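There are 2 protein chains.
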Amino acid sequence: MKYLAEINIMPLKALLDPQGKAVKSSMHNIGYKTVTDVRIGKHITLDIEADDEAHAKQKVNEACEKILSNPIMESFEFTLKLV
Amino acid sequence: MKYLAEINIMPLKALLDPQGKAVKSSMHNIGYKTVTDVRIGKHITLDIEADDEAHAKQKVNEACEKILSNPIMESFEFTLKLV
Chain C
0 MKYLAEINIM PLKALLDPQG KAVKSSMHNI GYKTVTDVRI GKHITLDIEA
50 DDEAHAKQKV NEACEKILSN PIMESFEFTL KLV
Chain A
0 MKYLAEINIM PLKALLDPQG KAVKSSMHNI GYKTVTDVRI GKHITLDIEA
50 DDEAHAKQKV NEACEKILSN PIMESFEFTL KLV
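Top to bottom, those sequences are chains C and A.
Going by numbering that gives the first Met the number 0, the first residue of the first sequence is number 0, and it counts up by one from there.
Going by numbering that gives the first Met the number 0, the first residue of the second sequence is number 0, and it counts up by one from there.
Hint data in this document are derived by calculation from the structure and do not stem from the laboratory.
Heads up, a few of these hints could be off.
Claimed, not checked - In the DSS-like style, the derived pairs of lysine-lysine whose C-alpha atoms are separated by at most 30 Å in a straight line are: (1) K32(A) - K1(C); (2) K41(C) - K58(A); (3) K23(C) - K65(A); (4) K58(A) - K23(C); (5) K20(C) - K32(A); (6) K12(C) - K41(A); (7) K56(A) - K20(C); (8) K65(A) - K41(C); (9) K1(A) - K12(C); (10) K58(A) - K20(C); (11) K41(C) - K1(C); (12) K58(A) - K32(C); (13) K1(A) - K20(C); (14) K23(C) - K41(A); (15) K65(C) - K23(A); (16) K1(C) - K56(A); (17) K23(A) - K80(C); (18) K56(A) - K80(C); (19) K32(A) - K80(C); (20) K32(C) - K56(A); (21) K41(C) - K23(A); (22) K56(A) - K41(C); (23) K41(C) - K32(A); (24) K23(C) - K1(A); (25) K23(A) - K58(C); (26) K32(C) - K80(A); (27) K58(C) - K12(A); (28) K80(C) - K80(A); (29) K1(A) - K32(C); (30) K23(A) - K56(C); (31) K1(C) - K41(A); (32) K23(C) - K32(A).
These figures come from a predicted structure and were not determined experimentally.
Full structure from sequences and hints, please.
Below, the structure written as structure tokens:
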């Protein structure tokens with residue numbers, strides 16, 4: 000069966016996010032003064048074949064931990080859905 | 000009131016996504032053969048002050064269209080929640 004994983008990888012809350020800070024400051028400069036914080040990470044969609052949802056979940060989790068995210072600097076979360 | 004916008008910005012379906020292609024091929028090489036497609040975009044969280052949800056939505060939509068995404072190459076979607 001085919002599953003679609005929607006993964007969000009974000010810089011850890013405790014760390015500075017220079018890209019987010021830069022975008023926030025640009026937004027302030029061009030008039031979006033009501034924006035109080037911006038954080039920028041990655042959104043990854045992954046199509047994966049698996050026998051069942053538990054297997055798909057395990058594979059995606061492993062891939063996130065080993066390859067897609069850097070655990071020193073980033074946290075991840077994902078949702079799975081059957082397609 | 001303070002709203003949290005969760006924005007996903009993805010390369011348009013019709014376009015190649017070289018970063019996604021590269022990650023997919025690396026994943027195949029290291030054994031994740033069941034992954035059939037990978038697309039990589041941005042995930043942005045935005046804290047915004049607004050009088051009500053309609054105003055917040057309008058501001059976020061405008062910011063996505065004008066600054067955060069490139070409409071030639073990317074599509075965006077977002078959810079808003081009161082924090």
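Results for each hint:
no.	hint	in the structure
1	K32(A) - K1(C)	13 Å, holds
2	K41(C) - K58(A)	22 Å, holds
3	K23(C) - K65(A)	14 Å, holds
4	K58(A) - K23(C)	14 Å, holds
5	K20(C) - K32(A)	38 Å, violated
6	K12(C) - K41(A)	17 Å, holds
7	K56(A) - K20(C)	21 Å, holds
8	K65(A) - K41(C)	20 Å, holds
9	K1(A) - K12(C)	19 Å, holds
10	K58(A) - K20(C)	19 Å, holds
11	K41(C) - K1(C)	22 Å, holds
12	K58(A) - K32(C)	11 Å, holds
13	K1(A) - K20(C)	19 Å, holds
14	K23(C) - K41(A)	15 Å, holds
15	K65(C) - K23(A)	14 Å, holds
16	K1(C) - K56(A)	33 Å, violated
17	K23(A) - K80(C)	19 Å, holds
18	K56(A) - K80(C)	27 Å, holds
19	K32(A) - K80(C)	19 Å, holds
20	K32(C) - K56(A)	15 Å, holds
21	K41(C) - K23(A)	15 Å, holds
22	K56(A) - K41(C)	22 Å, holds
23	K41(C) - K32(A)	22 Å, holds
24	K23(C) - K1(A)	16 Å, holds
25	K23(A) - K58(C)	14 Å, holds
26	K32(C) - K80(A)	19 Å, holds
27	K58(C) - K12(A)	24 Å, holds
28	K80(C) - K80(A)	22 Å, holds
29	K1(A) - K32(C)	13 Å, holds
30	K23(A) - K56(C)	17 Å, holds
31	K1(C) - K41(A)	24 Å, holds
32	K23(C) - K32(A)	39 Å, violated
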